[in-house]
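*Asks:* Residue numbers (our numbering), protein chains in the order written: chain A, 8 to 184; chain B, 8 to 184; chain C, 8 to 184; chain D, 8 to 184.
Treat each hint with caution, since some may be false.
Below, simulated DMTMM-like cross-link-like pairs (lysine to aspartate or glutamate); rule was C-alpha separation at most 25 Å, straight line [unchecked claim]: (1) A:K90 <-> C:D46; (2) B:K90 <-> D:D46; (3) C:K66 <-> C:D26; (4) A:K66 <-> A:E149; (5) A:K90 <-> C:D26; (6) C:K90 <-> A:D46; (7) A:K90 <-> A:E149; (8) C:K90 <-> C:E166; (9) B:K66 <-> B:E157; (10) B:K66 <-> B:E166; (11) A:K90 <-> A:E138; (12) D:K90 <-> B:E157; (13) B:K90 <-> B:E23; (14) A:K90 <-> A:D62; (15) D:K90 <-> D:D146; (16) D:K66 <-> D:E89; (17) B:K90 <-> D:D45; (18) D:K90 <-> B:E149; (19) C:K90 <-> A:D62; (20) D:K90 <-> D:E24.
A few chain C residues facing chain D, derived, Cβ under 7 Å [as the list claims (entries may be wrong)]: (21) R31; (22) L35; (23) S82; (24) L85; (25) H127.
These are computed hints drawn from the structure, not numbers from a lab.
Virtual Cβ for every residue (Gly too), placed ideally from N, Cα, C.
Number of protein chains: 4
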Amino acid sequence: MTEATTKNDAGWLSGEEMDAARERLPILYVDAVPVRVDDQGVVTSVGLLLRAGSDGLVKRALVSGRVLYHERVRSALLRHLEKDLGPLALPRVPPAPQPFTIAEYFPTPGVTPFHDPRQHAVSLAYVVPVEGDCAPQQDALELTWFTPQEVREPTLLAELANGQSHLLLQALAHLGV
Amino acid sequence: MTEATTKNDAGWLSGEEMDAARERLPILYVDAVPVRVDDQGVVTSVGLLLRAGSDGLVKRALVSGRVLYHERVRSALLRHLEKDLGPLALPRVPPAPQPFTIAEYFPTPGVTPFHDPRQHAVSLAYVVPVEGDCAPQQDALELTWFTPQEVREPTLLAELANGQSHLLLQALAHLGV
Amino acid sequence: MTEATTKNDAGWLSGEEMDAARERLPILYVDAVPVRVDDQGVVTSVGLLLRAGSDGLVKRALVSGRVLYHERVRSALLRHLEKDLGPLALPRVPPAPQPFTIAEYFPTPGVTPFHDPRQHAVSLAYVVPVEGDCAPQQDALELTWFTPQEVREPTLLAELANGQSHLLLQALAHLGV
Amino acid sequence: MTEATTKNDAGWLSGEEMDAARERLPILYVDAVPVRVDDQGVVTSVGLLLRAGSDGLVKRALVSGRVLYHERVRSALLRHLEKDLGPLALPRVPPAPQPFTIAEYFPTPGVTPFHDPRQHAVSLAYVVPVEGDCAPQQDALELTWFTPQEVREPTLLAELANGQSHLLLQALAHLGV
């Protein structure tokens, strides 16, 4: 949920109009936790992006972005996965639309564990197994795979912005790993 | 998802601004299926509203409405339940934020089973046990309780607008009744 | 949940001991609904087995079977999928252990929509995308793929035994198709 | 999942027969995380039992127990809640049968995070809001309510046996608190 992401998918709105909408309406997002699974479907690693934020700081991030007007949630998920992981990542978006949780990003810190200074965003969160080769694209500098153990390290979790460490831990709990 | 509902909760936007946003962004909604449960938690009946739409036609409907800027999804659910069922309904909103499904209402019919001529709305759907006395409010003319068997009758399902019969059947399947 | 299935995976128990346990304890099962998905993850078809039951009748069935002592639920799912669909089916068992529902098969008809004359079985139900080539094995005579529309046909649903038509409809509702 | 619990609900089996079954079959359990919610449905506290185990040690525990032959999962949940929390606890068992996760307790430590030296048990896990007065019964010595923050304390989590601290953290993640 970095500045850079949303610049790229402003869709049918000019930046100015989008800014106006952001002060008035909750904006619909998707969050994806990319995972590698073994042939039994057990999660062996979790992918985190390294991203340069608009504040110049480099942060870890999940795959995340806005749902556009007249776009299916499923298509938005695939678009953001391809944008961040490249066209050969082969993401396996789950067949059912039920998210494992929702994340409510508030412009005011502390209302929920999630925070986005630019807007009130409500995100549908999915775990997405990725089978192909990942090559970070655009503003994503790097994709790194961590084992479920590594990814729980407090120092690593601290590198995630906007409360996404909370969402990552929710995903791991849902996966039972 | 009638015209009347959304007029009432236009929130921080003028009607004109809301109309503009509706042509540009997916709008976040909640849908609630009100149920009565017995002391084992088994669903004994499902509540449907009778509503006068802006086209003058009377239709059955689920409890449904927009999430406002800076409003929690949980608070939006409670606000719409109270608006439609009255202040003594005692709804038991589920403690976990995971919806049982999402419904994607498209302005173009046929993209999904859900259709809303006014807008692209994405709705988080919940089953909500209701323990108190329900008294329809505002544009809701009546609330009627049906058994899970009655509510599956094709003639009754046909009275639901916008594809909400599909969502109702999804709720019943999720409940296992 | 045919006689034939369970004979094959009686595991550590003699047939006689298993019969005794079946009169005393709920038996843990898994049910899998095999699906084909397109590259967006949308379900395009649902697979049903044709099986010869111990009563000599041929019936449609989901992939279904017992969880053995000291076996992971995930491994049981894969074992039954491989047993029924063959070794090249490439099933994608979901990474999270949460079933989309549970099915309670009672020896007495009418307690739930699910019925198994031999036993009280409780089944964890999953939707499993299958990517490879399926070749029915052992007592499964055939695997047929149906579109989500075809599979809802009352004549087809009537060919499923033990209330599995109910479980199939629950799966379709969960998938939103 | 203490020795004492299962002695009480041995059901239709003699202790000896149950011991034999436990060496041969996975045993079906339910786990309940009792919670208090405010009038918005937000979890304000989580209840943990204090129980004397067969080894003489006092341990914290979730509400947990076996599903009997010919018993609905829902009835088993209510029976164990009443047994542990007393007849005036007014548990609100969720209307849908989908558990938020399953816990696989293995007799061999390390296969999963869950361990039960006596048996292979597979448990369906639910969060259950409790509205009435709780009075611990039978082998439950005490019920203590903790805030979601308190319950995450490592010293408290360490008092839970059999890996139930893992299940408790999964419940908190599912609840988004």
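*Asks:* Please go over all the hints and tell whether each is borne out by the structure.
*Replies:* Now for the hints, and whether the structure bears them out:
Of the supplied pair hints, the one linking A:K90 and C:D46 holds, its CA atoms being roughly 16 Å apart against a limit of 25 Å. This hinted pair checks out: B:K90 and D:D46 have alpha carbons roughly 16 Å apart, not beyond 25 Å. For the given pair, C:K66 sits about 23 Å from C:D26 by alpha-carbon distance, which is consistent with the 25 Å threshold. Between the alpha carbons of A:K66 and A:E149 the distance comes to roughly 11 Å, so the proposed pair stays at or under 25 Å and holds.
For the suggested pair A:K90 and C:D26, the alpha carbons sit about 56 Å apart, so the restraint of at most 25 Å is broken. Restraint check for C:K90 and A:D46: the C-alpha separation of about 16 Å stays at or below 25 Å, so the hint holds. With a C-alpha separation of about 13 Å, the suggested pair A:K90 and A:E149 falls inside the 25 Å cut-off, and the hint holds. Between the alpha carbons of C:K90 and C:E166 the distance comes to roughly 21 Å, so the proposed pair stays at or under 25 Å and holds.
For the given pair, B:K66 sits about 17 Å from B:E157 by alpha-carbon distance, which is consistent with the 25 Å threshold. Simply put, B:K66 and B:E166 have alpha-carbon atoms about 6 Å apart, close enough for the 25 Å limit, and the pair holds. Taking the CA atoms of A:K90 and A:E138, the gap is near 16 Å; set against the 25 Å cutoff, the hint holds. Taking the CA atoms of D:K90 and B:E157, the gap is near 36 Å; set against the 25 Å cutoff, the hint is violated.
With a CA separation close to 23 Å, the supplied pair B:K90 and B:E23 stays within the 25 Å bound. For the hint pairing A:K90 with A:D62, the CA-to-CA distance comes to about 21 Å; that is within 25 Å, so the pair holds. The suggested pairing of D:K90 with D:D146 holds, with an alpha-carbon distance near 9 Å, which does not exceed 25 Å. Using a Cα cut-off of 25 Å, the hinted pair D:K66 and D:E89 holds, with the two alpha carbons roughly 20 Å apart.
Between the alpha carbons of B:K90 and D:D45 the distance comes to roughly 20 Å, so the proposed pair stays at or under 25 Å and holds. A threshold of 25 Å between alpha carbons decides the hint, and for D:K90 with B:E149 the separation of about 41 Å lies outside it, so the pair is violated. Under the criterion of a C-alpha separation no larger than 25 Å, the hint pairing C:K90 with A:D62 is inconsistent with the structure, at around 55 Å. A C-alpha spacing of about 23 Å is found between D:K90 and D:E24, which places the hinted pair at or below 25 Å, so the restraint holds.
Hint on C:R31 holds. Least Cβ distance to chain D is approximately 5 Å, under the 7 Å limit. The interface hint given for C:L35 is met, as the beta carbon of that residue sits about 5 Å from the closest beta carbon of chain D, less than 7 Å. Interface hint status for C:S82: violated, as the beta-carbon distance to the closest one in chain D is roughly 10 Å, over 7 Å. Contact between C:L85 and chain D, as hinted, is not supported at the beta carbon level, the nearest pair being about 15 Å apart and thus beyond 7 Å.
With a cut of 7 Å, the hint placing C:H127 at the interface with chain D holds, because the nearest CB-to-CB distance is about 6 Å.
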